[in-house]
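Engineer: Chains as they are written, first to last, in the working numbering: chain A, 1 to 326; chain B, 1 to 442.
FYI, nobody ran anything at the bench for these hints, they're computed from the structure.
Be aware that a few hints might be false.
[Said to hold, decoys possible] Keeping only pairs whose Cα atoms sit at most 30 Å apart, straight-line, the calculated DSBU-like set for lysine-lysine is:
#, chain 1, residue 1, chain 2, residue 2
1, B, Lys7, A, Lys206
2, B, Lys425, B, Lys438
3, B, Lys376, B, Lys364
4, B, Lys357, B, Lys395
5, B, Lys189, B, Lys248
6, B, Lys189, A, Lys206
7, B, Lys189, A, Lys312
8, B, Lys376, A, Lys267
9, B, Lys231, A, Lys312
10, B, Lys389, A, Lys267
11, B, Lys248, A, Lys267
12, B, Lys16, B, Lys376
13, B, Lys364, A, Lys206
14, A, Lys312, B, Lys435
15, A, Lys206, B, Lys231
16, A, Lys312, B, Lys438
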Amino acid sequence: MNLSLQAAPHFRTTDTTRNVMLDVLIALVPAVIVSTWIFGIRALGIMLFCMFFAEFLEFFIVRVLKRQKDFVPDFSASVTGLLLGMNLSLAVNWWQILLGIGVAIIIAKHAFGGLGQNFFNPALVGRVFMIISFPTAMTTWYVPFYYKNPDILTAASPLSLFSEQGLEQAIQNYSYWDMFLGRIPGSIGEVSALALIIGFVYLLVKGRIKIMIPVFYIATIMIFSSIFYFINPSTFGTPLFHLLSGGLILGALFMATDMVTSPMTFKGQAVFGIGAGTLTMIIRFFGNYPEGVSFSILIMNALVPLIDDWLKPRIYGTHKGGAKNA
Amino acid sequence: MQVFTFKGGVHPPQKKDSTSNKHIQSLPLPDYVYLFTSNHAGTPAKPVVKEGDKVKTGQIVAQAVGNISANIHSSVTGEVVGIESMVNASTGRKDNAIVIKRTSEDEWEYVEHAEDFQKFSKKEIIEIIKKAGIVGLGGAMFPTHVKLNIPDDKIVEYLIINGAECEPYITIDDMLMREKTKEIITGIKILQHTLNPKKTVIGIEDNKLEALETLRGVIKSEDTVELAQLKTKYPQGAEKQLINAITKREVPSGGLPIDIGTLVINVSTVYAIYDAVINGKPLVERGITLTGSGVKNPGNYWFRIGTKVSYLLNFVGLVKEDEIEKVLYGGPMMGIPLSSIDLPTFKGNNAITVLTKEEIISRKEYPCIRCASCVKVCPMGLQPYYLKKLADSRKNDVAEENGILDCIECGCCSYICPSNIELSKTFSTTKKVIKVIKQRRG
Numbered sequence: 001m002n003l004s005l006q007a008a009p010h011f012r013t014t015d016t017t018r019n020v021m022l023d024v025l026i027a028l029v030p031a032v033i034v035s036t037w038i039f040g041i042r043a044l045g046i047m048l049f050c051m052f053f054a055e056f057l058e059f060f061i062v063r064v065l066k067r068q069k070d071f072v073p074d075f076s077a078s079v080t081g082l083l084l085g086m087n088l089s090l091a092v093n094w095w096q097i098l099l100g101i102g103v104a105i106i107i108a109k110h111a112f113g114g115l116g117q118n119f120f121n122p123a124l125v126g127r128v129f130m131i132i133s134f135p136t137a138m139t140t141w142y143v144p145f146y147y148k149n150p151d152i153l154t155a156a157s158p159l160s161l162f163s164e165q166g167l168e169q170a171i172q173n174y175s176y177w178d179m180f181l182g183r184i185p186g187s188i189g190e191v192s193a194l195a196l197i198i199g200f201v202y203l204l205v206k207g208r209i210k211i212m213i214p215v216f217y218i219a220t221i222m223i224f225s226s227i228f229y230f231i232n233p234s235t236f237g238t239p240l241f242h243l244l245s246g247g248l249i250l251g252a253l254f255m256a257t258d259m260v261t262s263p264m265t266f267k268g269q270a271v272f273g274i275g276a277g278t279l280t281m282i283i284r285f286f287g288n289y290p291e292g293v294s295f296s297i298l299i300m301n302a303l304v305p306l307i308d309d310w311l312k313p314r315i316y317g318t319h320k321g322g323a324k325n326a
Numbered sequence: 001m002q003v004f005t006f007k008g009g010v011h012p013p014q015k016k017d018s019t020s021n022k023h024i025q026s027l028p029l030p031d032y033v034y035l036f037t038s039n040h041a042g043t044p045a046k047p048v049v050k051e052g053d054k055v056k057t058g059q060i061v062a063q064a065v066g067n068i069s070a071n072i073h074s075s076v077t078g079e080v081v082g083i084e085s086m087v088n089a090s091t092g093r094k095d096n097a098i099v100i101k102r103t104s105e106d107e108w109e110y111v112e113h114a115e116d117f118q119k120f121s122k123k124e125i126i127e128i129i130k131k132a133g134i135v136g137l138g139g140a141m142f143p144t145h146v147k148l149n150i151p152d153d154k155i156v157e158y159l160i161i162n163g164a165e166c167e168p169y170i171t172i173d174d175m176l177m178r179e180k181t182k183e184i185i186t187g188i189k190i191l192q193h194t195l196n197p198k199k200t201v202i203g204i205e206d207n208k209l210e211a212l213e214t215l216r217g218v219i220k221s222e223d224t225v226e227l228a229q230l231k232t233k234y235p236q237g238a239e240k241q242l243i244n245a246i247t248k249r250e251v252p253s254g255g256l257p258i259d260i261g262t263l264v265i266n267v268s269t270v271y272a273i274y275d276a277v278i279n280g281k282p283l284v285e286r287g288i289t290l291t292g293s294g295v296k297n298p299g300n301y302w303f304r305i306g307t308k309v310s311y312l313l314n315f316v317g318l319v320k321e322d323e324i325e326k327v328l329y330g331g332p333m334m335g336i337p338l339s340s341i342d343l344p345t346f347k348g349n350n351a352i353t354v355l356t357k358e359e360i361i362s363r364k365e366y367p368c369i370r371c372a373s374c375v376k377v378c379p380m381g382l383q384p385y386y387l388k389k390l391a392d393s394r395k396n397d398v399a400e401e402n403g404i405l406d407c408i409e410c411g412c413c414s415y416i417c418p419s420n421i422e423l424s425k426t427f428s429t430t431k432k433v434i435k436v437i438k439q440r441r442g
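So here's chain A without its partners, still in its complex pose:
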């Protein structure tokens, strides 16, 4: 009898990293479908192109440059690619996308040591790089269903209208209902709150999400914007507007919850959510950029090691702070 001596436990879950990544991709499918419906086949093309190029780069780095022992197609690059694609404007062109993906996969991910080692969400690093390098293309928003009515091609997004002309102008053009369903100009994948929430519920049911992050992120945005709305409604906008405009839903549900770059404990996740929410509001209210989601998450990413160290769980049989009784 040839017996295996591999150590206990001998039962393991059937879950794998690949399943986790696949679930994230599945959760993004409703948003991909809605985005394709709103922005046409070009939007789908961009998202798929991002995924394929991200996987290709990962394959190239790992297999050809032999950065790791072997190449395990775990779909994590596809997730990065798809999320970056969803964060782009339709106005970007192919070489800009190549550069963005390159920064995300090569610099933000593999320069740090590959999957699990990076401090910053690679898709967000890619996006911020593109915002800074190609500001015009990245903030040129196509109108919904432009492919049916080519007379008007681009328009300001609700958030940029708000930033430039105030709330009234913003909600005159787009109703909250439009914003909820996604019939607004904006980044490819961020427009439909409904589709993103459906995907989020799927991850929730599957237990794949760091739940405290979106809860506290969105709660902070609501509280913050309520206070400022109370002070001056016309300058600061309604809480619902802040919830539904820009990339908040996409960011809070899918970017801030990136497992690799967020805290491990419930308390840490709450702090992360509150911090990201606060920073987002400060940037939206006082910053030059209309949108604060990407920057706020990246700043909080940098704090994760500190948060994890600060908010360790209490070990059984010890007093708070981990001090031993003996």
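Put chain B on the given structure of chain A with help from the hints.
Structural biologist: Here is chain B on its own, set in the frame of chain A:
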């Protein structure tokens, strides 16, 4: 009814159906037994027989040495044929084993006993338990007489009887509670007489409701025994988790249950105490579940300690040899894998689990994606992902500060990890290293 539980833990498949209704049968006496001198936690016992000696069943063959050690008795009637050095998978080293050839049916040598245990003093009962070589039969094999010897400044508020049996596949404690209900209640009364606890609670997971009901039926109104229904969750039967579930108290890090007025005794140990005090039988046999997907006719059995695993498995039959992947002392969550079935059993064996290739999914190890599952399931409130990082980079001091010695090696973190990282195994190795370094430093 209130259902008790603890924080953390996992839900592995239970797999108890194949044996949960099999009555405990006695196996025929083996022709040879192999008794490790280290059949308990602590110092190995010192052999007191030599080659050629005739021994009776229950006769002492090795004497306890030092503070933490237990007597070892012959489990058959026969002749000592030698002392062999054999692999002891429970300790991972080679140990001496006294080999006894059976020559006849049982001729017993009993320890002092009485139907009316009340006539014994607390001290006398602990002495009987010591003489009978009883150790914790839940698997830890800590000598029971040492555990029962409570320091004068401590009192037992809670006597907790562990009937949780949270490992998949294993059903022997369940069956014992159902078939030897009265004996177990008597055993508990012996313990109450000895320890004088304020409260006695039997904890049983709620996948064993029949055992719970059977016990409820036997417990009389004047008995001061309570039943606690526990949530079916692994590791509900781990001492610290069981105490926490029932009393809401926590054993201090590095301390003992008695520090918070609690004492936990496994159901099988209670039965062994009954058998020694009432019937005078030293610990030479116990119940075991022979089970797993690799076993043809799984069941619950009484077996003589020191019987070879191959002898036991012969009675339940194995599936085709090339389909078998692992044979375990114990269950799938904490069981020790055997290098060969030609090894002897010992006092702590509550199960032999034979697993086939089909059941063991061998998967690649992926990098940690910080999914936080291990932090969520750790019943000790540790951060396994972080401890693993520290252990791999040999930062043993930092790992100790972060509680690596508090790890109970339950394996929940390894079980849940989607990246298939060997967390639990790393901790068990690192703990050993830290302890050795501490010993050397003095």
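Engineer: Between Lys312 of chain A and Lys438 of chain B, is the straight-line Cα distance small enough, at 30 Å or below?
Structural biologist: Cα-Cα ~26 Å, so holds.
Engineer: Is the Cα-Cα distance between Lys189 of chain B and Lys206 of chain A 30 Å or less?
Structural biologist: With Cα atoms ~48 Å apart, Lys189 of chain B and Lys206 of chain A exceed 30 Å; violated.
Engineer: Run the distance test for Lys425 of chain B versus Lys438 of chain B: straight-line Cα separation, threshold 30 Å.
Structural biologist: Between Lys425 of chain B and Lys438 of chain B the Cα gap is close to 20 Å, so the pair holds against 30 Å.
Engineer: Measure nothing beyond the straight line between the CA atoms of Lys357 of chain B and Lys395 of chain B; if it is 30 Å or shorter, mark the hint as holding.
Structural biologist: violated, 36 Å
Engineer: Take a quick look at whether Lys312 of chain A and Lys435 of chain B sit within 30 Å of each other, Cα to Cα.
Structural biologist: Answer holds: Lys312 of chain A to Lys435 of chain B is near 24 Å, not above 30 Å.
Engineer: Checking one constraint from the list: CA of Lys376 of chain B to CA of Lys267 of chain A, max 30 Å. Satisfied?
Structural biologist: Within the cut-off at roughly 12 Å; holds.
Engineer: Sort out whether Lys376 of chain B lies within 30 Å of Lys16 of chain B, counting only the CA atoms.
Structural biologist: holds, 26 Å
Engineer: Lys189 of chain B and Lys312 of chain A were given as a pair; does the straight-line alpha-carbon distance stay at or below 30 Å?
Structural biologist: violated, 43 Å
Engineer: Can you confirm whether the C-alpha distance between Lys189 of chain B and Lys248 of chain B stays at or below 30 Å?
Structural biologist: Within the cut-off at roughly 24 Å; holds.
Engineer: Run the distance test for Lys389 of chain B versus Lys267 of chain A: straight-line Cα separation, threshold 30 Å.
Structural biologist: holds, 21 Å
Engineer: Holds or violated: Lys206 of chain A with Lys231 of chain B, Cα cutoff 30 Å?
Structural biologist: Holds, at about 22 Å.
Engineer: Quick one, are Lys248 of chain B and Lys267 of chain A close enough, alpha carbons at most 30 Å?
Structural biologist: holds, 22 Å
The structure fails hints 4, 6, 7 (numbered hints given earlier, in ascending order).
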